[in-house]
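Trainee: Given only the sequences and the hints, what does the whole structure look like? Please build it.
Chains as they are written, first to last, in numbering that gives the first Met the number 0: chain A, 0 to 280; chain B, 0 to 517; chain C, 0 to 215; chain D, 0 to 291.
Treat the hints with care, as some may be off.
As the list claims (entries may be wrong) - To spell it out: a stretch of chain A is covered by chain B in this simulated footprint if at least three of its residues, at any positions, have a beta carbon under 8 Å from a beta carbon of chain B; those stretches are:
1) 111-124
2) 212-220
3) 224-233
4) 244-256
Unchecked claim - No farther apart than 27 Å at their CA atoms in a straight line, the calculated lysine-lysine pairs in the DSSO-like style are these:
5) C:29 - D:150
6) A:23 - D:4
7) B:407 - B:291
8) C:29 - B:114
9) A:228 - B:475
10) D:4 - D:49
11) B:407 - A:23
12) B:258 - D:4
13) D:150 - D:49
14) C:29 - B:261
15) D:55 - D:112
16) D:168 - B:114
17) D:83 - D:250
18) D:84 - A:277
19) B:318 - D:4
Quick caveat, the hints were computed from the structure, so don't treat them as lab data.
Computed from a predicted structure; not experimentally measured.
Cβ coordinates follow ideal geometry from the N, Cα and C atoms, glycine included.
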Amino acid sequence: MDSNIVGVWIAAFLTLGIMSFLYKDNPWYKFSEAIFVGLSAGYWFASLFWQSLHAKFWTNWSPAVQSLFQGQFDYNLLYTGAGILGLMMLLRLVPPIGWISRWPLSVVVGGTAGLYLINYLVSNAIRQIGSTIQPAVTFPESIGWVQSGGVIIGNVLVFAVLLVSLGFILFGRSSTIDLPTPTKLFFFLIALVACGLGTFYSLSMPLNLTGLIIFMGVFCGLIYFFFSKEHTGFFGGAATVGTWFLMVTFGASFGYTVMSRMSLLIGRIDFLLVEWLKVVK
Amino acid sequence: MLRKRILIILLLCLFASANFLPAQESPSANINTEFLERFKVKPPTDFEVRDTPNDNGSSLTLNWRLSPDDNLWGKRGLVEKYVIGRRLAGEEKFEFISTATNQSRIAFDNSVNNKDRYEYQLAAYPFKYIFRPIPWNSIMMVKQMERFKALAPWISLNPHGVVLSMLSQNYSYYVDLDGFRSDLARKSVWENFSAGTELSGPEGITAAFAAGQVVSPFLPFFSFFVQSSLTSDPYQLVTIGRYLGDGLMAKTEVAGPVKTKKSWLHLGRINVLIIAVVLSFFILYFIRQARKGKELFIRKIAGLDAVEDAVGRATEMGKEIFFIPGTQDMQNIQTIAGVTILGRVARLTAEMDTKLEVPVSRSLVMVTAREIVQEAYANAGRPEAYDENMVHYLTDDQFGYAAAIDGKMVRQRPATIFYMGAFYAESLILAETGNSIDAIQIAGTAMPAQLPFFVAACDYTLIGEELFAASAYLSKEPKLLGSLKGQDIGKALLLIALAVGVVVQTFGWYDFASLFRL
Amino acid sequence: MRREIPLIITATVGIAYIIQYFIPHTPFDKVEALFSDWLSIIAACAIWLGALNLLKLSFLSVSKRKKDWFFSLVIIISWLTMALVGISEGPGFQEPGTKFDWLYTNIYTPLSATMFAMLAFYVASASYRAFRARNFQATLLLVAAFLVLSGRVLFDELIFGFLPADWKILSTISDFIMQVLNTAGQRAILIGIALGTVSTSLRIILGIERSYLGSD
Amino acid sequence: MNFWKALLAIDRRWIFLFVFLALAVPMFLNVDFELSISREVQGLYDALDKLQPNSKVLMSFDYDPPSAPELQPMADAIMKYCLKKRLRIIIMGLWPQGPIQANMALARAFADKNIDQSEYVYGIHYVNLGYQAGNEFVIQRMGSSFYDMFKNDYAGNRYEELPLMRGIKNFNDIDFSINFSAGYPGTVEWVQIAVDRFHVRLGAGNTAVQAPQVYPYYNSGQVVGLAGGMRGAAELEGIFAYNAETDVVYKDRGTKYMLSQTIAHAVVMFFIVVGNIAYFVIGRKDKLKTSK
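Mentor: Spelled out as structure tokens, the structure:
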């Protein structure tokens, strides 16, 4: 029998074995799972043996040692240090002297800390702030139908958010603005009219508010993660808007995660129907 | 073996001449010139070489303006690539370094050292066309040549004929004029380039390859073969192309000499340096303050109040509380934060006399959690109520752990469940079951992919940094409180920069954002 | 000795990486290169450690005839099979057509893929039984999720197919959510995490944070 | 027990079965459609389209078989496009399984009858450097020298024997780089090091789980293009197919799976709606005082 056909049948057997867990825990599942656990550890073992230890350590180190015997010093002899540290790491399997593995561990931890300090500061803070600093409002000369649809939706959303947050700041339970209610209402009315006009305006001419929305999201989101001040007054309002942005973000993540999980299952079903049973071409 | 090969070559010669001899009768010098003129390209301009700034002196930057023939002809233009040559200052011959694709204006030479001075020359290289590779098989070869002729009727017009480059499976003998990759090809191309001679006909090529393994008899139009010295290699002809000759390359003026510089400070990163120093200063300053015993204010974290209510609810209902500290080990800071919050929960359960259960998936977490729970019970004045079995180990396996907790939840129906720590995909399974038994669920994690599920399925969620802030608030550890405060100052500074920047930028006053560029 | 030396190593390596970012001059570039080479070898050993540790635990389980020791035996056998086949094949062990590749394609791939594909079922059942619009925040989350879920598949084509071809309403909305609202929220989270990482790294390098060393 | 309570108390296994069938049935159907192309996928396409033939493209395969259903279609499409466009391809992996997935993508591309494998020579037109342990430190080290990280390729050939690699010292010699990523190490690490330190132009293909976190980098230009999840794959296949001047078949699994994906989303949305209706009909359970 062709080894490929055998392979596909074995693969199907194991796939169904794992899926049988959905019905209930059973030996078939446990067997498949045990194979998976063992195999993946074996995979890592062999893979690292050839691709890291051999390709990286041995091919550098052994010629260096050979040339040392011929009386020459090779820069690659410094790999001896790496070899020793690697061995120390493995000593963790021997509990009495397992503490020695802290030495290589601290090389890893120190290096990672040094690299991360810069990387996160640069890529995730400085550059993100830099690209949030852009004009809040731009007037694109011409944009397509689809984009302008997005822009209008965005504008309506932004005005709604502005309005609601203003309402929250003026009338919210934790509001610290001390004005007579009619005055507050007056302000709110003005804002309402302004926002309505703005929305109407945006329908007639697309003004791109992407910059403003992103700025608001980042600003309010950061305020939510600001722990040195109580969330009252302006801070409270901004933090609340921040949570809305976070919730929409989580919603997007939620949607994408569901999408991802479903894709994986589709991949497996495709295997079962196309490669194994061959009922679908 | 050798004989066989000579035989094949002879046969090939025969075939080839049979094929091409008629064509040889009408080579027209005029057409050749015309042909060459048509493919002549203009050189790139403004070629200059500078030290690559801000590095350890291992690189030079080459800039030029495109040749006017680059991108003139439809999508591609006449220039296929730019060839870069280099020599040490004072030497005569240029050495081939590398190529850059057409439409590129910049290249780096990273194979320079810090001691020598270098001079460069750049040349625009015209297109040649590549056809299907053919295997080493004489009959195939003839067929291929016929096909080739059909595809390229100008073959007889081209004074340089056809170049066959060859590949053996052992790359050290590989000759690829297309990519200029082998040393042989490199040398020939660049030597002729620097000497300023055109490769005219097979002789030129013979000369170029004299040092190599050129063994073939030369035919008028069927230029040359290159042979590997490894006899057993199966050969494959890879490219047949119209070879226009290196003489058609359009060279620039010599640029240089230049020498690299080693820099002591990366000038493009000074803004990062300043921000890093300021941020570090504040973090360390506040850690110091906290150690001195200064009270650092942290705002009320709403999730912690919910903890109290949730424990109270379980007490009222007379049911258990589950606390799940995630699936990661003790070195994960989220687990540490989770276990800190466990201390708070345990203290409340001790005071309210409610049953607490902490199933864990790592033995180290078990040890730490036991210590913390015991301490909390002692601090609440009820050390006798502490039982070691409150904290128990289930399994290291992710899904096994989830399944085991699942079973426990359905059987014991706790009133309140806490998830505090680092979670992966198991979060979903846990939160679902918890929800189905109508438990109040409070979660806290910094795992971005799991947060949405917790928010949707739990009654209260500590989001990301809130988890750390809560643990700092509860543990009162100076290093945590101080860093939290330092980070807050960092955040405040960034927020101010952000607000000022956006306003300034909107009114188009100043390119404020460039302060944050690299 | 057990704590001081690791702390010194951590500080040295960490500071070397930071200095190298600002000062490209030798010798800092060389030091960084050396540490990076070492790090990748240590990392390889650390993963090896995990693989060996599993073998150790399984052997213990089999020798003590713990519950389910049979499955531990299966683990050991499959571990040995994969590792030995891989090591005996030589440096080209993963080339298509080798035995190792056969094991990888027909056993490892389906098992690992199915393990993760199972999550799809859990997502579906959790969406039925757990995801509730229990408060304003959760409602907002679910609405955003709905818009994204519907915009990323063929609803535009299948349900709103009667509209003009470039009116991809749902796709446009979900594009807007992803490119603007999601970008803003994610960016706030990124910046927060970045500052947290900077302070943790700083504490580790300066020896203020020592929890990674464990307790002894 | 009323109807809604009974509905919520249904055995999970029925749900599982329902999901399985809902996803399997569309496999038997075949639909063709014109997807709208999002800006981030367009960005990825534009970046590839602008490259001149013989440009060197670095592809890092940072995923393993579980994520293959999402990432493999992208990798296949991009591989086909790059080969057909005669870009020189350098493959590597920060995940050990990555290079094998890359070989699968190559095989899939060469299986297309419009891409003739004999035109492409290993070592000249494409190279598979294999996996290297060390996560982001590998990228960091490649910034000064590829050779120091990859002394041998996937099959054990020496670096200097690979004609394509001889002219490549570090990221300066790479024209474009693409990263297929399923997590850590992946796009984030490539952005932090290759892009922000060594100024590489980077395009990314991500699993849907990871994609939302990459959007800020797309917005800031740290990533020039981004394809996320199955939809990203389908869009990529669509945009390649639409712009292709060749007969290469780009519409493949990404497009084919889209219908199942649609049904899957519909099922999840339906479940959420039904679950929530039941939740409101039955009445919320007593709430915490502080919960909002």
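Trainee: Indicate, hint by hint, whether the structure satisfies it.
Mentor: Here's how the hints hold up against the structure:
Coverage of the region 111-124 of chain A by chain B holds. Counting CB-CB distances below 8 Å, 5 residues qualify, and the rule asks for three or more. For the region 212-220 of chain A, the stated coverage by chain B is satisfied: 3 residues place a CB nearer than 8 Å to a CB of that chain, which reaches the threshold of 3. Three residues within the 8 Å Cβ limit are the bar, and the region 224-233 of chain A against chain B gives 7, so the coverage statement holds. A stretch counts as covered by a chain when three or more of its residues have a beta carbon under 8 Å from one of that chain; for the region 244-256 of chain A and chain B the count is 7, and the coverage holds.
Between residue 29 of chain C and residue 150 of chain D the alpha-carbon distance is near 18 Å, which keeps this suggested pair within the 27 Å criterion. Between the alpha carbons of residue 23 of chain A and residue 4 of chain D the distance comes to roughly 24 Å, so the proposed pair stays at or under 27 Å and holds. Restraint check for residue 407 of chain B and residue 291 of chain B: not satisfied, since their Cα atoms lie roughly 46 Å apart, outside the 27 Å limit. For the given pair, residue 29 of chain C sits about 17 Å from residue 114 of chain B by alpha-carbon distance, which is consistent with the 27 Å threshold.
At roughly 17 Å between alpha-carbon atoms, residue 228 of chain A and residue 475 of chain B fall within 27 Å of each other, so this suggested pair holds. A distance of roughly 59 Å separates the Cα atoms of residue 4 of chain D and residue 49 of chain D; the hinted pair therefore is violated under the 27 Å criterion. Note on residue 407 of chain B and residue 23 of chain A: the hinted pairing holds, with a Cα-Cα distance of about 16 Å set against a maximum of 27 Å. Restraint check for residue 258 of chain B and residue 4 of chain D: not satisfied, since their Cα atoms lie roughly 81 Å apart, outside the 27 Å limit.
The hinted pair formed by residue 150 of chain D and residue 49 of chain D fails the criterion: a straight-line CA distance of about 31 Å is larger than 27 Å. Annotation: proposed proximity of residue 29 of chain C to residue 261 of chain B holds, straight-line Cα distance about 13 Å (limit 27 Å). The straight-line distance between the Cα atoms of residue 55 of chain D and residue 112 of chain D is roughly 24 Å, inside the 27 Å bound, and the hint therefore holds. A threshold of 27 Å between alpha carbons decides the hint, and for residue 168 of chain D with residue 114 of chain B the separation of about 19 Å falls inside it, so the pair holds.
Distance check on the hinted pair: residue 83 of chain D and residue 250 of chain D sit about 15 Å apart at the alpha-carbon level, within 27 Å; holds. Restraint check for residue 84 of chain D and residue 277 of chain A: the C-alpha separation of about 34 Å exceeds 27 Å, so the hint is violated. The hinted pair formed by residue 318 of chain B and residue 4 of chain D meets the criterion: a straight-line CA distance of about 23 Å does not exceed 27 Å.
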